[in-house]
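Trainee: Listed below, chain by chain, are the residues.
There are 4 protein chains.
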Amino acid sequence: MKNKKTIRAAIVGATGYGGVELIRLLQAHPRVEITSVISSTNPGAEIIQGFPHLTNIMLGTLDAVDPQLIASKADVVFLATPAGVAVELAPQFLQVGLKVIDISGDYRLKSPELYEKWYKRTPADAALLEEAVYGLCEVWGMEVNDTVRLLSNPGCFPTAILLGLIPAVAAGWIDLNTIIIDAKSGVSGAGRGLSLSSHFAEVNENFSAYKLNKHQHIPEIEQALTRVAGKPVVTTLTTHLVPMNRGIMATMYASVAEEARTDADFVNLYNQYYEDRPFVRVRKAGTWPATKHVTGSNYCDIGFAVDERTGRVTIISVIDNVVKGAAGQAIQNLNLMMGWDESTGLMFAPMYP
Amino acid sequence: MKNKKTIRAAIVGATGYGGVELIRLLQAHPRVEITSVISSTNPGAEIIQGFPHLTNIMLGTLDAVDPQLIASKADVVFLATPAGVAVELAPQFLQVGLKVIDISGDYRLKSPELYEKWYKRTPADAALLEEAVYGLCEVWGMEVNDTVRLLSNPGCFPTAILLGLIPAVAAGWIDLNTIIIDAKSGVSGAGRGLSLSSHFAEVNENFSAYKLNKHQHIPEIEQALTRVAGKPVVTTLTTHLVPMNRGIMATMYASVAEEARTDADFVNLYNQYYEDRPFVRVRKAGTWPATKHVTGSNYCDIGFAVDERTGRVTIISVIDNVVKGAAGQAIQNLNLMMGWDESTGLMFAPMYP
Amino acid sequence: MKNKKTIRAAIVGATGYGGVELIRLLQAHPRVEITSVISSTNPGAEIIQGFPHLTNIMLGTLDAVDPQLIASKADVVFLATPAGVAVELAPQFLQVGLKVIDISGDYRLKSPELYEKWYKRTPADAALLEEAVYGLCEVWGMEVNDTVRLLSNPGCFPTAILLGLIPAVAAGWIDLNTIIIDAKSGVSGAGRGLSLSSHFAEVNENFSAYKLNKHQHIPEIEQALTRVAGKPVVTTLTTHLVPMNRGIMATMYASVAEEARTDADFVNLYNQYYEDRPFVRVRKAGTWPATKHVTGSNYCDIGFAVDERTGRVTIISVIDNVVKGAAGQAIQNLNLMMGWDESTGLMFAPMYP
Amino acid sequence: MKNKKTIRAAIVGATGYGGVELIRLLQAHPRVEITSVISSTNPGAEIIQGFPHLTNIMLGTLDAVDPQLIASKADVVFLATPAGVAVELAPQFLQVGLKVIDISGDYRLKSPELYEKWYKRTPADAALLEEAVYGLCEVWGMEVNDTVRLLSNPGCFPTAILLGLIPAVAAGWIDLNTIIIDAKSGVSGAGRGLSLSSHFAEVNENFSAYKLNKHQHIPEIEQALTRVAGKPVVTTLTTHLVPMNRGIMATMYASVAEEARTDADFVNLYNQYYEDRPFVRVRKAGTWPATKHVTGSNYCDIGFAVDERTGRVTIISVIDNVVKGAAGQAIQNLNLMMGWDESTGLMFAPMYP
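Residue numbers (UniProt numbering), protein chains in the order written: chain A, 1 to 353; chain W, 1 to 353; chain G, 1 to 353; chain E, 1 to 353.
These are calculated hints, taken from the structure and not from any lab test.
Some clues are possibly wrong.
Which copy is meant is left open, because identical chains are indistinguishable; a pair holds if it fits in one copy or across any two.
[As the list claims (entries may be wrong)] PhoX-like mimics (lysine-lysine), calculated; alpha carbons at most 20 Å apart, straight line: (1) Lys211 x Lys284; (2) Lys117 x Lys5; (3) Lys211 x Lys120; (4) Lys214 x Lys284; (5) Lys211 x Lys117; (6) Lys120 x Lys214; (7) Lys214 x Lys73; (8) Lys73 x Lys284; (9) Lys120 x Lys110; (10) Lys231 x Lys211; (11) Lys117 x Lys214; (12) Lys120 x Lys73; (13) Lys5 x Lys73; (14) Lys120 x Lys231.
Given the sequences, and given the hints that come with them, work out the whole structure.
Mentor: Now the structure itself:
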């Protein structure tokens, strides 16, 4: 059924939510064929054993992590794995000629020291960190092309936050010393691994904050903002857990410069910045997005509130953490790497309600 | 972008969940173009005013209910309206040459008396009731063809229940006097109209039963089972409200006949009955579907448990009430009416989690 | 602050939901003092480490499982432990002179064979099984007095189900061969132990069935119904998981005898049966309880729907599984064992919403 | 059962969540008797008609709003009414000699102009605004005594926010120009009135922001902080809706002064400030409260995170909006007005899970 000009994709980490979302999206992609679904923990098992919702959709069994085998079956491999795994696997996959799209945080930070400090893990090879392209499509998509061997997909929080901040930072419209980010995520962001903090009766009817000033996405956000601003940016980030499955909202605060006085100013600025980018939707002045407006889709919706009383702007940015924050943006990056339209296979509407 | 051989569709009731799901599914359908979105309550308003998640996806404004206008813009009209509206509108739309697919209950019961008794409303014209084709695709899909003018889409509960019972009834494997149906639905089934029974703080962290022995889907279920059995079937139905948005589970009980002694027997029977039907997935013996296995998709998943101790079978059937129980099955019926493959535009995977 | 005539209570299993609910209820009980909170997995740890909501309420650290120590500090010990633990611990506690209230299923079945078959575990000592008193207060409360050494607290599902069925069974108003029970529980019923089936993103926005015809509460229900009926009763039970923390609803079906023709008949029968019992509330004809009506309280609410068309009655019974289904009923039993009013410390209103 | 030294209380607005929580808490209060439950919309109806969970607990019918009648039955009246109602009713109740505890916002702002600006309503009589005592117990409890005729109960957001900020503001530890408040509330905060924004399928699996820079609690917060600081304080507040019933979290940000360098410093400061206040629990350094830690209780839990990198402190404060944010604090104020221990009838543990 697929177009002749397809490529073959392998997915590592198919027992997690990122991996299974890649299956959902790629099996509907017109130019990609999933040829291997890989699990280190349960090779040989039927795919539908862990995910019965894929009955009749994804036949076959889980492959082991075998670079030679995967290279014989696939052109590109997605790594939807926990931190630390891609440090090990990406070099092996690159060596056998596979293109690698890493959804984990292992290749996002250019500085090995920062990785070690924030992730408390051994960093990846410095040359590979240098080579890896950070695929925030709407900002640095021009760097994602057919020469890219190792694509580092942005984190879920950074995607929502950076798309919400970068146009204002680039325009010099907000005071870089005043950026405060209050972020909220659905529970799927914590993955499928068992923990008391994802146990239903603990999370349901509860709202909690975690990793205050310690979240490993902080250096990723600051690295990107610093690059845009041309000078060091430091931010405050609090992450919270919302009793829902999908969705991230970042509520961001900053003092505004003189030239940015109204909501409409911000709307215009962002509309210009994201002109022709299909997945960012800037909301008209006086309205703000809710996470449900993007559920199941690759959209990032952004809204603004400038407060004359305080001279601050509040910027609200929402994504589906599993799509735009993981699998969807990874496919968007694949599209760019292949020279296809970036929206190929991704133009589906949010599911509501 | 759409294929030349497309048809033009209008949707009435686009301020409700059935209507907005038709928009989500039809805008991705390769052979249908949505040419009019209609609301009696708010004509002239932007579509995205009520549904901001459709920003950049569904432009334009809501049309008024004007049969001539609609006939000039569309070939087929979907009625996603509350009970009683299609009684009024369907004749008008048919008269101007439109094909009508009614998602409400107005044309499901052949007997005007039964409609009046259970819906407490004036029934539709008897001739139209006679003409209307009941589109339970996997059972009576052969009757859905290009001669059909008025298609009556099955109810959400009846879809799950009938697909779960009919093969066993047709085979004579269950005692028709013993059928008990315990059904559960997510809250979207109650629609977008405001009521205390859909008020968040009343429904959340709550599980309730409603309309005991009074649900208007009872005569629809019995009419279909009676047709299959060739003799009158009476059932007990309890409907419950689950604190979730989407999903229906029907848990059904009946005493089994001698020849049906094991789960595997039922699995085989159902696999034969639904051979080549893409949207029914019979689970292997010893496993049962959960509603999340079909969320966002057009699948109906079915599982069995035969109990030697009691001589009863428990049949579990799940659907997404907004898709297979409403918009998805309506499109499946449109596909059949047009002579297309019934799965056209509907072969997407469930969203998980 | 406590009355002089208090007793001292120890709680084993204080890292689970049953244990922590005992703490909530007992610390407000006017005649009980909690003198030891015990955990086999984490002795020495601060109680509030695992349960920060008890900050300033429950000081001190977790004791180890040491019968002599506990006997020196307490008069009665509650076992809020997983299946199999009380088989080991109850004899040790009895030997040192403690009264034992077991909230697990270890002493509910009189037949060791049935326990072994349904629990797949080694049963308790036969003499102790014989001695243990099954504390379904509203039915066999007269057997709970100061001579009881070992009290077996009913299971959560059996409590809701038996209170809903026994008056009708005792009166001969339902056909014992036709009893079908469709039960639904909030997720706290699965405990605090980690499992994929209690993982937030798997359970939320989902409704599932489990252990069809295999639930270990089936023999407990049948043992009690058989005792009431004076002849063997066999039932069909399906248990379901509801995406909420607390609450059980049992929806029960049976064919009715001639003399029970209306909802009002059932209401009268049950009001007579439960006269003067403070925790059963029979709803007036035509209304049914929802689980939220009893959240946080020790009530069991019951409603009826007799269907003339089918000759069946539907009985709906709801409890809070953590209170009336566990900790609350255990305290009610303690009250009876001490000769106090059975409602002592338990007459608080449900929390709504 | 009640102590002789009881007072008689009337509750206006008993069809809402604040009113029904007053019933739950007052019926368990040892020194208060509920003698009248009042509704303007449905006088004469049984109380349990709208709230079946009160079956057997709260007998009787709803009274009409009749000051003379209420004065004959009660000593104190609680107003759990929407904005604008207490403007009308409080003077009438005061005139007939009742003490009035207003849970609405009508008497919180000393300035009629501010009320008019933020509430878009006609303000109360200026003399009564002047007389009304703002009952933030842990801060201005010394002003709540037996001379108070009109007690204005703080708003739900202000309670969590002010208890979290005031000790730091009073100590001069935070830069008053940098206070940013990101607040989140469960849906019960929106009341029982029907609206699309409280419709289950719209709120569930959704996280949204509302009233950016426009929330009527902003002037209340600023009035209190200004009073503490002795100079004008302006703040930024964003309120969000969490898909849960109960709970408020305020996440607050400010730049810290030199002397406040560690989490432990803040913990010590707050422990001193709230010494001997039973309902504020300061969490030890490195831990933060979640809303579930206070569900159903009158506690306010507070935690801190000082970030050396940015020189900011993040303060997290949680309450149950229906208890400490409404009915519970109102009773705490009643206790103070009567000269009783402020915790009378309020020392129950949170419900977990």
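Trainee: So, against the hints stated earlier in the document, which numbers end up violated here?
Mentor: 2, 7, 8, 10, 12, 14
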